[in-house]
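Respectively, the protein sequence lines represent chains A and B. 13 is the number of the first residue of the first sequence in my numbering; add one for each residue after it. 603 is the number of the first residue of the second sequence in my numbering; add one for each residue after it.
It should be emphasised that the hints constitute simulated quantities derived from the structure, not laboratory data. Beta carbons: idealized from backbone N, C-alpha and C, even for Gly. Check each hint, because a few of them may be wrong.
[Said to hold, decoys possible] Pulled a few chain B residues facing chain A out of the computed Cβ check, cut under 7 angstroms:
(1) E611
(2) V616
(3) P636
(4) R637
[What the hints assert, rightly or not] If the Cβ cut is set under 8 angstroms, some of the chain B residues that face chain A in the computed set are:
(5) D615
(6) V619
(7) I623
(8) L632
(9) E635
(10) L639
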Amino acid sequence: MTRPSDPPEHNRGPLAPMPVGELRDDGALQVQDLLIPAPPPLVGPSDWRALFDAEDSRELLERLAHRDPLCLRSRVLRVCRDQALILHADRLLLRALALCAHRGRLYGGSPPLSRWCDDIVAAAARDLMSEDIEVELDGEPVIEEDFVLYRMFVELYGVEPALSRIASVRFHACELAARRVAWSASIEGRSLAEIATTQALGAEAADAHLRACLRALSDTRRPSWKDLAAHHGEDVP
Amino acid sequence: MTHPTTHPELSEDVYAVLLDIAKEPDSVLLSSEPRRLSRELLTPSDPIRATASFLTSAERHLLTAHRDEVGRWLLNIAIEDLTHVAGSGTRFHWHKRGHTELERRPLRRDRLPSTAVDSRGRTWTLAHWVDQTTDSRREIERIRTLAVISMRLTRRPALQIFFGQLDVAQEHLKSARRRFFEALQYGGLYTKLANEWLGATAALCGDFAGAARAYAAAAHCSWATPESSFFWALNSAQLGKLDDVREGLAQLADFGPSDYDYLGYYRAVLNATSWKPTSACKKVAALDQLNGTVLHEVLEGHP
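Work out the full structure, taking the sequences as your base and the hints as a guide.
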């Protein structure tokens with residue numbers, strides 16, 4: 013079984029780093045290749061003043077996007093894993109970048125920078141999930157160009173693309189323990205037996221959590237305001 | 603539908619549960635055949651395109667509305683990288699005072715030579731260095747691609763000069779001259795920069811008259827700096843035109859004393875490029891009238 017840390021060759025897509033000096037065919041990809049020629053430098057605990065000392069959010073966004081000094085990419089991955097979220101990672105990264113650019117100039121050193129960044133990514137994830145609930149609440153159909161946002165539900169569970177957004181909403185409304193089992197089973201490709209061991213659950217509990225999540229995916233009813241309120245009241249992510 | 607017996611991503615026991623749930627009434631699972639997971643969706647990727655389908659309207663706006671900033675940002679990186687390629691020994695005609703592009707980008711001490719922002723340069727030093735290695739030529743191509751992308755986003759006057767510099771570095775002198783001529787009309791700092799680079803390019807081609815003219819024009823710009831006057835005088839000396847030499851030196855004297863070691867700089871540039879005086883220049887340099895001038899000191903120490 014393929015693990016996320018070891019994607020199959022055909023599935024690496026255009027994201028594998030290119031050798032220095034070589035360019036991808038796609039101009040937009042070239043831009044990013046050129047912009048990020050080296051691993052992102054970490055911002056030290058005392059470097060935030062210089063980093064956030066920008067004239068406006070645009071300037072700060074420019075800095076944050078270039079070489080990812082706050083390591084937002086890896087934070088996005090970590091938050092998705094820790095909170096068992098199945099969100100389009102680019103979508104989450106962009107939202108996190110935008111939030112950092114907006115809030116960065118107000119940052120005064122507390123909480124510690126690393127925690128502040130993690131909080132931002134978590135807030136970005138919350139925002140995205142809220143938006144999904146809200147558009148479902150309004151009964152807006154998923155437009156075709158948004159299919160990619162929820163494609164993982166189509167690929168993993170065979171949900172029709174038109175129902176993929178509500179499937180995402182329902183999945184993320186599941187309790188964290190259940191999501192972790194489903195996430196581990198789906199994204200990491202682990203067996204239930206493995207999950208029961210690694211997450212210190214009994215085999216029955218692991219099975220029950222997985223079933224709960226999968227059943228939730230089939231709940232295609234439009235969410236209510238109560239669902240939205242519940243989402244905002246949750247501790248997670 | 604008939605479900606496949608295996609799932610490309612899930613373990614057998616997990617897929618068995620999925621099949622189980624999919625058989626329940628009202629289940630929407632496995633309505634379509636499951637596929638191998640597109641893992642790029644799980645990993646934040648580098649490319650961020652304004653047309654990407656996953657962008658919200660706000661995010662799309664962010665990328666499209668700030669095209670200008672992105673273009674400038676790319677140019678800054680290209681300038682910085684070109685400076686880096688050429689090494690700290692090379693200086694450029696980029697000035698902190700007048701060139702806001704460089705000021706906007708936070709400096710990275712590990713990559714940016716300290717001389718890049720606040721000093722001046724000579725094209726031939728760059729060309730000389732670039733000749734040395736294949737890697738540097740490839741790097742110049744990479745930088746050119748970056749500059750091309752920047753130009754597609756936004757057309758900035760600085761880009762034309764920058765492309766000219768890249769042309770010089772690759773010894774495409776005709777193309778470089780065309781670009782610098784075009785940049786002449788931009789006015790202000792750009793006219794001064796274009797004239798300096800035209801002068802340098804002409805000198806590279808052995809066209810001392812053209813070089814002297816261009817440097818004289820640069821020396822008369824409002825953004826003029828001492829070296830324009832010096833190279834005006836130097837190229838006039840190559841032609842043996844004493845009056846022009848004196849005029850250039852008089853202009854140079856108007857700048858007054860400076861903390862910057864221009865003398866050392868001029869000498870370093872001439873040494874780095876294996877510059878050789880013409881016989882007319884040697885005659886001019888031997889004239890007593892030039893004793894005590896910067897030109898005399900530079901030529902006297904030149905091997």
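Against the structure, the hints come out as follows:
The restraint placing E611 of chain B at the interface with chain A holds, with a minimum CB-CB distance near 6 angstroms, inside the 7 angstroms limit. At a threshold of 7 angstroms, the smallest CB-CB gap from V616 of chain B to chain A is about 4 angstroms, leaving the interface hint in force. Taken as an interface hint, P636 of chain B checks out: its beta carbon lies about 5 angstroms from the nearest beta carbon of chain A, inside 7 angstroms. With 7 angstroms as the threshold, the beta carbon of R637 of chain B comes within range of chain A, its nearest partner Cβ sitting at about 4 angstroms, so the hint holds.
Among the interface hints, the one on D615 of chain B holds; its C-beta lies about 5 angstroms from the nearest C-beta in chain A, closer than the 8 angstroms criterion. With a cut of 8 angstroms, the hint placing V619 of chain B at the interface with chain A holds, because the nearest CB-to-CB distance is about 5 angstroms. At about 4 angstroms, the closest approach between the beta carbon of I623 of chain B and any beta carbon in chain A falls short of 8 angstroms, and the interface hint on this residue holds. Residue-level restraint check for L632 of chain B holds (minimum Cβ-Cβ distance to chain A is 4 angstroms; threshold 8 angstroms).
Checking E635 of chain B against chain A: minimum C-beta separation of about 6 angstroms stays under 8 angstroms; hint holds. With a cut of 8 angstroms, the hint placing L639 of chain B at the interface with chain A holds, because the nearest CB-to-CB distance is about 5 angstroms.
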